[in-house]
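**Student:** Spelled out from the first residue to the last, the chains are:
2 protein chains.
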Amino acid sequence: MSDNLSAWILTIGNEIINGVITDTNRENIARELRSAGIFIRGMSSVGDVETEIVEALECAMGKANLTIVSGGLGPTEDDKTAQSAAVFLGQPVELNEEQLRRIQDRFAKWGRTMSPSNAKQAMLPKSSIPIPNDYGTAPGFAIERSNKHALFFPGIPSELIPMLRHQGLPLVWTRLGGSRKVFRNKTVIVYGLSESRLGEILSDISKDADNCHLAFLPRFPVIRLRIDASGENEGEANRVMSEKQDQIRQRIPENVISEDGTPIEEVVIRGLEDNNLTLTLAESITGGLMGEMLTRVPGASTTFMGSIVSYSNEMKKNILGVSFETIGRWGAVSHECAREMAVGARMAGGSSVGLSVTGIAGPDGGSPEKPVGTFYIGLSTEDAVISRRYFLPGARNWVKTLAAMQALDLLRRSFLGLRLHGDSD
Amino acid sequence: MSDNLSAWILTIGNEIINGVITDTNRENIARELRSAGIFIRGMSSVGDVETEIVEALECAMGKANLTIVSGGLGPTEDDKTAQSAAVFLGQPVELNEEQLRRIQDRFAKWGRTMSPSNAKQAMLPKSSIPIPNDYGTAPGFAIERSNKHALFFPGIPSELIPMLRHQGLPLVWTRLGGSRKVFRNKTVIVYGLSESRLGEILSDISKDADNCHLAFLPRFPVIRLRIDASGENEGEANRVMSEKQDQIRQRIPENVISEDGTPIEEVVIRGLEDNNLTLTLAESITGGLMGEMLTRVPGASTTFMGSIVSYSNEMKKNILGVSFETIGRWGAVSHECAREMAVGARMAGGSSVGLSVTGIAGPDGGSPEKPVGTFYIGLSTEDAVISRRYFLPGARNWVKTLAAMQALDLLRRSFLGLRLHGDSD
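Residue numbers (numbering that gives the first Met the number 0), protein chains in the order written: chain A, 0 to 424; chain B, 0 to 424.
There's no promise every hint is true.
Stated by the list, open to error - Capping the alpha-carbon separation at 27 Å, the derived lysine-lysine pairs in BS3-like fashion look like this:
| no. | chain 1 | residue 1 | chain 2 | residue 2 |
| --- | --- | --- | --- | --- |
| 1 | A | K62 | A | K125 |
| 2 | B | K316 | A | K316 |
| 3 | B | K147 | B | K125 |
| 4 | A | K108 | B | K369 |
| 5 | B | K62 | B | K147 |
| 6 | B | K62 | A | K147 |
Derived from the structure by calculation, the hints contain no laboratory data.
So here's chain A without its partners, still in its complex pose:
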C-alpha cells in the first residue's frame, strides 16, 4: 500500500440513499483504488442536495487526501454535483467549450441531435481540470483545495470505471506522487464450488501478505477470485502473481474457468475454434440463455450455428426430431429426450457438436420423481452421444442460469479431457 495516499469514496444520488438501487459503484471504485495500492478510509453517500453534497465533500476531504466522487453529473434538474463542487470551492461553474463540443460530437456520432439540457453537462467548476468521457456524454473533472484532491465521475459504471482507471488515477499519480511500487491484478473465474468451500480449500494461501491480497467476489453463478500482487519492480510483482496463480491452479484444477477474467462463454467459443468444431444448441429450460451467452462473444458466428429453443413439445418433435415415443414414455425431461435433442440440434445446425438442456425451472411443473431444479444435459458429437442428470433446486431464474452454466461447463470439461459432472443414465 502507498504510505502517503488515503482515499474516501463519495457517491451521490437520492436513489442511493433511499435504497432504490444497489450502488455497486462504491465497491467497484474501492477495488480500483485497492489494486492501485491506495488505502481507503471510508465511503459515504448523500442525496442530490447542494448543501448535503458540500458538507459531504468537506467531511471527505478532511479525512483523506484523495476523494473519488460519482453520480449527479447527468443532464436533468436533479443532478447537482458540479454546481455543488463549485460552491465548495467558492467558485462559479463555467461552460467548458471543449467538453461541450465533445458532447455534441458524441450525439452526432450516434446520429442524434443533442438535447439542450445536455449542455449543462459541460458546465464545470471554474478551476477544475476536465476529465474527458470517451464512453458517454458527461465529462468528469478534478478539483484541488489545500493540497487535497477530488475526482468527479458520472455514476454510470461503464463510464466511471474506465475513466477512473485510464484518466483519473494517472492524474492522481502525477499530482500527488504516491508509491512507486508496481501493482498487478488478475481475476481468476471459479465455478462449481461454494464460497465457503473455496475459502476452506484456499484458507492457508488466502491470508493477507504485504505483497499479495486475495479477495473472494461471489458473482453468481461464479466466484471471481481477485489477486492483487505488488513488488518493488515489474519482475517482482509478476513473480508474486504467478506464484499465487500456480497455487490456486494446483488446488482447484477443474474449477478454474479462466485466469484473466474471461467468462465461460468466451472460453467455450475459443475451445470450439481450437478444436475446429461448430456447435448448435437445443435449449428448453434455459429458454435461449445459452445462445445469448455465446453470442456475447464477438465473432461467435464462425463456430456457433444457432439454437433451437424448443419450449413446446411440438417443437422438440417437429424441429429436433425427438420421437413421440420418447416424450410419451420418458417425458420431455429425461436422459432420452436430452440425448435426442442434442442429436437433433447437431443435425438442424449441420454442426459437429450438439448440446442440449431440458428441465424444470419451476415454480410449477415439478413432480416427486422430477422436482423443480431437475435438468438433463445432452452432448452429441460425431462419435458419441451422452447425457447427464442434475438436481439444483432454487428460484426459477437461478435454476435457468445454473442449467446454462452446467451445460457450457460440461462442454468446456470435454475439451480439456476433465472429469464430467452430473449423474449418468
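Following the hints, put chain B in place on chain A, whose structure we already have.
**Tutor:** Here is chain B on its own, set in the frame of chain A:
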C-alpha cells in the same frame, strides 16, 4: 416525510470499504426507513477501526437525530463496534448478564456449546439499552446522546432487518415520536425515451412537493420512474399517487410499459394470454435473448412455443425456410429476410404469431449501407406480415439488448393498437 425524524445509515467493516463484498445492508436499511416515512440524509461506511468508528458516529449523529449502525458486533478481535460506541459515549462496556444468557440458550438450542469468544457479544456500552436478537447470537443495542439516538445491529441481513423492523423502529417511535403519515410507492417502467428527453417532458410535474416525489432511475434499456406519495391517511396517499400516475400516462401514453414495475417480457406474455395468441420467435442478432427474457415469466410455456436462433444462414434457410434468393439478393439483414423469418417462425412453432429480428451487432460485419447497429424486425400473424428497420448503433451487447427490446415493444404496441416504430419497407 416525517418532519422531525432524519436518519443516517452507518455500516462498518473492512470488507465493505475495500469493496470485497457488496454491502446490501445499506439499501435494505434505507428501504425499511423510507417505508416507515423516515427521511434519510445519507449513509457512510468505515472499517473496523475504533478511531474511525468513533469519528463516523460523531459525524452521523451530528447530521441526523437517528443513526442506524450495522456490522462489527461479531465475536472476533476484528469486531470493534460495541467498544467504539462506548468510547464515543465516554463509558466502559459492561457484561449484560441477560444477553449472555440468551446467547448461551441459543447455542444450547443449536446443540452446541458456546465458544468463549461469543461472551464478548454480551459486552455492551454501560448506558445502552439492549435489543435482543431472536435470529442469531449478537444482541443489538440503542444509545442516546444529546437527545439523538443510534441503534446498533449485527451485519447479518437475516438478523438485522427483522430486528430493525420489529424492535428497533418501535423503540424509535416510542422515544422520538414521529409522523403517523401514510406512504405509497409505485414504479412506472418507461421505454423509448432518453433520460434527458423524459426529464424535459415531465419537468413541470416532476418537481418535489411535500406529498410527492418523482425519481428517474435509468436501468438500461428502460427508465424506472419511481413515485413516492404520502398523505395524512390512506385515501389521501392513494389520491396523490393516482393523480401523479394519470399525469404521467397522459404525457407519455405510448412509452409506459407498466405502472407497477412489471417488466416488458411479462407485459408481452400477458398480452398474448389476453388475446389468445401463441408466439414463436426467430432470432438472429439477439442470439436467444428474447427467448431468455420471455421464459423468465413463470407459466410462459402456455403462450411461448420457442425460438429458432438461426445464427447461420443455413439455419435461416433450412429451419425457417428463408429462400436462397432472398439471402442472395437482399442479404440476411433485410426487410425481406426479417419477414420470411417471422413467417418461418410461426410455421416452425405452429403458433399464431411469429416475431423475428435480424441485424448487425458488431463489432465487425457492418457495411456502408448496413452499418453496425442496423436491424430489422419482422412480425407475422394469420392476417399479415410486416417488417421494420432500425439503426441504433453502439457496443455489441447494447445493440443486442435494444434489438430484443424493440421487437418485444413492437409486439406490445401491436396489442394495444399503438403506432409502430421503425422504418417501413
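**Student:** Next, verify each hint and record whether it holds.
**Tutor:** Evaluated hints:
1. Under the criterion of a C-alpha separation no larger than 27 Å, the hint pairing K62 (chain A) with K125 (chain A) is consistent with the structure, at around 24 Å.
2. Of the pairs offered as hints, the one joining K316 (chain B) and K316 (chain A) holds, with about 19 Å between alpha carbons and a cut-off of 27 Å not exceeded.
3. Among the hinted pairs, K147 (chain B) with K125 (chain B) is consistent with the structure: their alpha-carbon atoms are about 17 Å apart, no more than 27 Å.
4. A C-alpha spacing of about 15 Å is found between K108 (chain A) and K369 (chain B), which places the hinted pair at or below 27 Å, so the restraint holds.
5. Distance restraint check for K62 (chain B) and K147 (chain B): the Cα-Cα separation of roughly 10 Å lies within the 27 Å cut-off, and the hinted pair is therefore satisfied.
6. Distance restraint check for K62 (chain B) and K147 (chain A): the Cα-Cα separation of roughly 24 Å lies within the 27 Å cut-off, and the hinted pair is therefore satisfied.
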